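A.B. asks: What follows is each chain in one-letter form.
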Amino acid sequence: MKMTMSKNMRRELEALFFVWPFVLTFTLFIVIPVIVAIYLSFTYFNTVQAPEFIGLKNYVNLLTQDNVFMMYVLPNTFKFSLIVGPGGYILSFWLAWLLAQIPKRSRSVLTLIIYSPSMTAAVAMAVVWLVVFSGDAAGYLNSFLLSLGVINEPIQWTQSPHYLMYIMIAVTLWNSMGVGFLAMLAGILNINQEQYEAGYIDGIKNRLQEVWYITIPSMKPQMLFGAVMAVVGTFQAGDIGVQLSGANPTPQYSGQVIINHIQDYGFIRYDMGYASAVSVVLLIIVYGLSKICWRLFAEKD
Amino acid sequence: MNSFHGNKINPTRIHRSQLKYYLFLIALSAFMLLPIVFMFSQALKPINELFLYPPRFFVENPTLKNFLDLFNVTSVTVIPMTRFLFNSVVVTGCVVFLSITISAMAGFALSKLQFKSKKLIFEANVIALMFVPAAIAIPRYFIVDTLGLTDNLLGHIIPILAMPVGLFLIKQFVDQIPNELIQSASIDGATNFMIFRKIIIPVIMPAMATVAILAFQMAWNNTETSEIYMNNETLRTFAFYMTTLTGNLENRVAGQGIAAAAALIMFVPNLIIFIFMQSRVIDTMAHSGLK
Numbered sequence: 001m002k003m004t005m006s007k008n009m010r011r012e013l014e015a016l017f018f019v020w021p022f023v024l025t026f027t028l029f030i031v032i033p034v035i036v037a038i039y040l041s042f043t044y045f046n047t048v049q050a051p052e053f054i055g056l057k058n059y060v061n062l063l064t065q066d067n068v069f070m071m072y073v074l075p076n077t078f079k080f081s082l083i084v085g086p087g088g089y090i091l092s093f094w095l096a097w098l099l100a101q102i103p104k105r106s107r108s109v110l111t112l113i114i115y116s117p118s119m120t121a122a123v124a125m126a127v128v129w130l131v132v133f134s135g136d137a138a139g140y141l142n143s144f145l146l147s148l149g150v151i152n153e154p155i156q157w158t159q160s161p162h163y164l165m166y167i168m169i170a171v172t173l174w175n176s177m178g179v180g181f182l183a184m185l186a187g188i189l190n191i192n193q194e195q196y197e198a199g200y201i202d203g204i205k206n207r208l209q210e211v212w213y214i215t216i217p218s219m220k221p222q223m224l225f226g227a228v229m230a231v232v233g234t235f236q237a238g239d240i241g242v243q244l245s246g247a248n249p250t251p252q253y254s255g256q257v258i259i260n261h262i263q264d265y266g267f268i269r270y271d272m273g274y275a276s277a278v279s280v281v282l283l284i285i286v287y288g289l290s291k292i293c294w295r296l297f298a299e300k301d
Numbered sequence: 001m002n003s004f005h006g007n008k009i010n011p012t013r014i015h016r017s018q019l020k021y022y023l024f025l026i027a028l029s030a031f032m033l034l035p036i037v038f039m040f041s042q043a044l045k046p047i048n049e050l051f052l053y054p055p056r057f058f059v060e061n062p063t064l065k066n067f068l069d070l071f072n073v074t075s076v077t078v079i080p081m082t083r084f085l086f087n088s089v090v091v092t093g094c095v096v097f098l099s100i101t102i103s104a105m106a107g108f109a110l111s112k113l114q115f116k117s118k119k120l121i122f123e124a125n126v127i128a129l130m131f132v133p134a135a136i137a138i139p140r141y142f143i144v145d146t147l148g149l150t151d152n153l154l155g156h157i158i159p160i161l162a163m164p165v166g167l168f169l170i171k172q173f174v175d176q177i178p179n180e181l182i183q184s185a186s187i188d189g190a191t192n193f194m195i196f197r198k199i200i201i202p203v204i205m206p207a208m209a210t211v212a213i214l215a216f217q218m219a220w221n222n223t224e225t226s227e228i229y230m231n232n233e234t235l236r237t238f239a240f241y242m243t244t245l246t247g248n249l250e251n252r253v254a255g256q257g258i259a260a261a262a263a264l265i266m267f268v269p270n271l272i273i274f275i276f277m278q279s280r281v282i283d284t285m286a287h288s289g290l291k
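In order, the protein sequences belong to chains A and B. Counting with UniProt numbering, you get residues 1 to 301 for the letters of the first sequence. Counting with UniProt numbering, you get residues 1 to 291 for the letters of the second sequence.
No wet-lab data here; the hints were simulated from the structure. Please note: incorrect hints may appear among the correct ones.
Unchecked claim - Derived DSS-like pairs: lysine-lysine, alpha-carbon spacing no greater than 25 Å straight-line:
1. K291(B) x K116(B)
2. K291(A) x K20(B)
3. K291(A) x K291(B)
4. K8(B) x K20(B)
5. K198(B) x K118(B)
6. K116(B) x K7(A)
7. K104(A) x K8(B)
8. K198(B) x K7(A)
9. K291(A) x K118(B)
10. K291(B) x K220(A)
11. K20(B) x K104(A)
12. K205(A) x K220(A)
13. K7(A) x K119(B)
14. K220(A) x K8(B)
15. K220(A) x K104(A)
16. K220(A) x K119(B)
17. K291(A) x K79(A)
18. K7(A) x K118(B)
19. K291(B) x K118(B)
20. K20(B) x K205(A)
21. K291(B) x K119(B)
22. K291(A) x K220(A)
23. K8(B) x K205(A)
Claimed, not checked - Restraint-style ranges between C-beta atoms, simulated for each label pair:
24. P80(B) x R10(A): 51 to 61 Å
25. N152(A) x K20(B): 35 to 45 Å
26. V68(A) x K118(B): 21 to 31 Å
27. R10(A) x A30(B): 53 to 63 Å
Just so you know, these numbers come straight off a predicted model, no measurement behind them. In this text, a Cβ means the ideal position worked out from N, Cα and C, and glycines have one as well.
My request is simple: use the sequences and hints to build the entire structure.
C.D. replies: This is how it looks when you write it as structure tokens:
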């Protein structure tokens with residue numbers, strides 16, 4: 001009895017030796033911050049005085065008092081995520097599928113090109129976008145549209161409440177071929193050829209049917225991984241509006257999404273309790289949407 | 001009739017039937033590439049071309065002057081640009097090395113060792129895949145501050161070491177290694193540490209390369225730690241320095257060339273690393289499935 005105890009202990013300790021650095025950093029910088037955020041969301045905290053417990057007041061205010069949240073942030077987040085999330089995901093799958101149809105050498109080159117926007121830092125790309133969407137006549141887009149006669153006078157693209165959201169969506173879609181895209185490409189490439197042969201014997205008539213009945217069901221785990229990455233990426237990407245317009249809040253809140261709302265309250269107004277409540281709502285939304293993807297792509301045993 | 005062999009996935013050679021895919025892909029990639037080509041072009045433009053009206057997309061007389069200016073302009077101010085670059089290189093190097101090490105160690109344990117909290121750790125990590133770091137910037141700051149990591153280069157490194165995606169990818173990859181291989185080594189008297197070093201590490205190189213790329217992107221492109229944790233400007237990174245160059249950029253035409261040169265310095269290392277590691281990344285991603 002004593003022997004097995006110590007053997008078990010040894011086994012635990014040995015495993016601990018391998019996991020402790022990860023578990024420690026994971027706990028300190030992911031688990032505890034989430035717990036602290038949940039706690040702070042029930043308090044009033046201005047960073048000067050100690051947090052004061054106020055129960056559900058932040059959440060009640062968020063749902064009933066916060067006009068900016070209800071009128072701009074929520075609809076904007078909804079619009080942005082609904083286009084960028086599924087849009088970027090479908091685009092990733094489609095491009096990955098197209099890439100799988102060509103031989104390896106040319107595929108590698110084209111994959112590099114399609115993935116390269118995703119590895120570029122947002123700050124680096126701001127250089128390009130700010131110049132392209134520059135508001136005077138010398139801006140590249142303005143100058144191009146003026147010369148075509150599409151517009152008569154330059155448009156203040158990134159300062160305009162009408163266009164900011166569309167620019168944000170376009171820019172984000174452009175760099176949405178990230179880790180999920182690579183996972184789906186690998187997934188498509190790894191499907192057994194025999195499955196396709198069997199499918200055609202069973203009466204698959206065209207390539208669309210092939211994708212629907214063989215490709216997607218055979219790579220559900222990668223489809224799910226890609227979907228989760230798309231959800232997280234979409235809600236993370238909202239910062240782009242602030243970078244493009246150079247201001248938080250964005251002009252007339254036109255590009256204000258939930259991430260910006262958190263930063264606005266947290267780091268500009270120093271209302272940490274309220275910002276934390278919004279953070280918790282964001283985490284719940286992302287978790288809920290990921291779980292829906294899970295349902296969609298779960299392997300049925 | 002649609003025969004199977006006419007539509008082969010992952011073909012070995014170019015065939016006329018692939019032409020339509022090439023057409024789509026080349027058109028789309030050209031479109032994707034535009035902003036990046038523009039960045040190169042802009043960085044190489046001499047000042048008179050930056051001021052040109054109407055503006056021209058491609059550079060006519062390329063020059064490296066913007067890069068020289070980037071070094072000189074900032075050496076006039078208090079902190080030379082090379083200081084930020086140095087910080088970035090040190091920080092990124094440490095993050096890449098440490099995060100692949102801790103992910104590989106934990107991935108091995110979660111896949112091949114038996115212990116009590118194994119299931120809990122793995123499941124917590126899967127939930128953390130759905131985690132948006134920007135949502136908890138505030139409490140994270142308090143922890144970093146409590147640990148004394150503000151105004152300390154370690155503050156760029158330690159808070160971002162735990163990468164849920166990294167652990168996940170490596171663990172899935174280690175799962176592919178047959179248990180018999182480890183058992184027989186264990187019977188021959190190998191300790192877990194020897195098994196990890198001699199058997200696991202060589203096999204999971206592709207996964208480690210993939211995680212290295214992701215860690216590199218995360219650390220190299222990171223502005224948040226400089227912005228929130230560092231009051232001392234000499235401790236800030238190149239990515240943060242970039243944000244100061246892009247401020248009010250639309251109205252400073254002369255600054256556009258310098259900013260583009262800096263953007264290129266941000267971008268090119270990412271590109272080079274991915275070129276070398278691409279096939280390993282695709283190998284790793286084959287096992288990335290979530291179930």
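A.B. asks: All hints, please: hold or fail.
C.D. replies: Comparing the hints with the structure gives:
| no. | hint | in the structure |
| --- | --- | --- |
| 1 | K291(B) x K116(B) | holds (22 Å) |
| 2 | K291(A) x K20(B) | violated (37 Å) |
| 3 | K291(A) x K291(B) | holds (12 Å) |
| 4 | K8(B) x K20(B) | holds (14 Å) |
| 5 | K198(B) x K118(B) | holds (23 Å) |
| 6 | K116(B) x K7(A) | holds (13 Å) |
| 7 | K104(A) x K8(B) | holds (13 Å) |
| 8 | K198(B) x K7(A) | holds (24 Å) |
| 9 | K291(A) x K118(B) | holds (22 Å) |
| 10 | K291(B) x K220(A) | holds (8 Å) |
| 11 | K20(B) x K104(A) | holds (17 Å) |
| 12 | K205(A) x K220(A) | holds (22 Å) |
| 13 | K7(A) x K119(B) | holds (20 Å) |
| 14 | K220(A) x K8(B) | holds (20 Å) |
| 15 | K220(A) x K104(A) | holds (23 Å) |
| 16 | K220(A) x K119(B) | holds (23 Å) |
| 17 | K291(A) x K79(A) | holds (20 Å) |
| 18 | K7(A) x K118(B) | holds (17 Å) |
| 19 | K291(B) x K118(B) | holds (17 Å) |
| 20 | K20(B) x K205(A) | holds (19 Å) |
| 21 | K291(B) x K119(B) | holds (15 Å) |
| 22 | K291(A) x K220(A) | holds (14 Å) |
| 23 | K8(B) x K205(A) | holds (14 Å) |
| 24 | P80(B) x R10(A): 51 to 61 Å | holds (53 Å) |
| 25 | N152(A) x K20(B): 35 to 45 Å | holds (40 Å) |
| 26 | V68(A) x K118(B): 21 to 31 Å | violated (45 Å) |
| 27 | R10(A) x A30(B): 53 to 63 Å | holds (60 Å) |
Violated hints, listed in ascending order, are 2, 26; each of the other numbered hints is respected by the structure.
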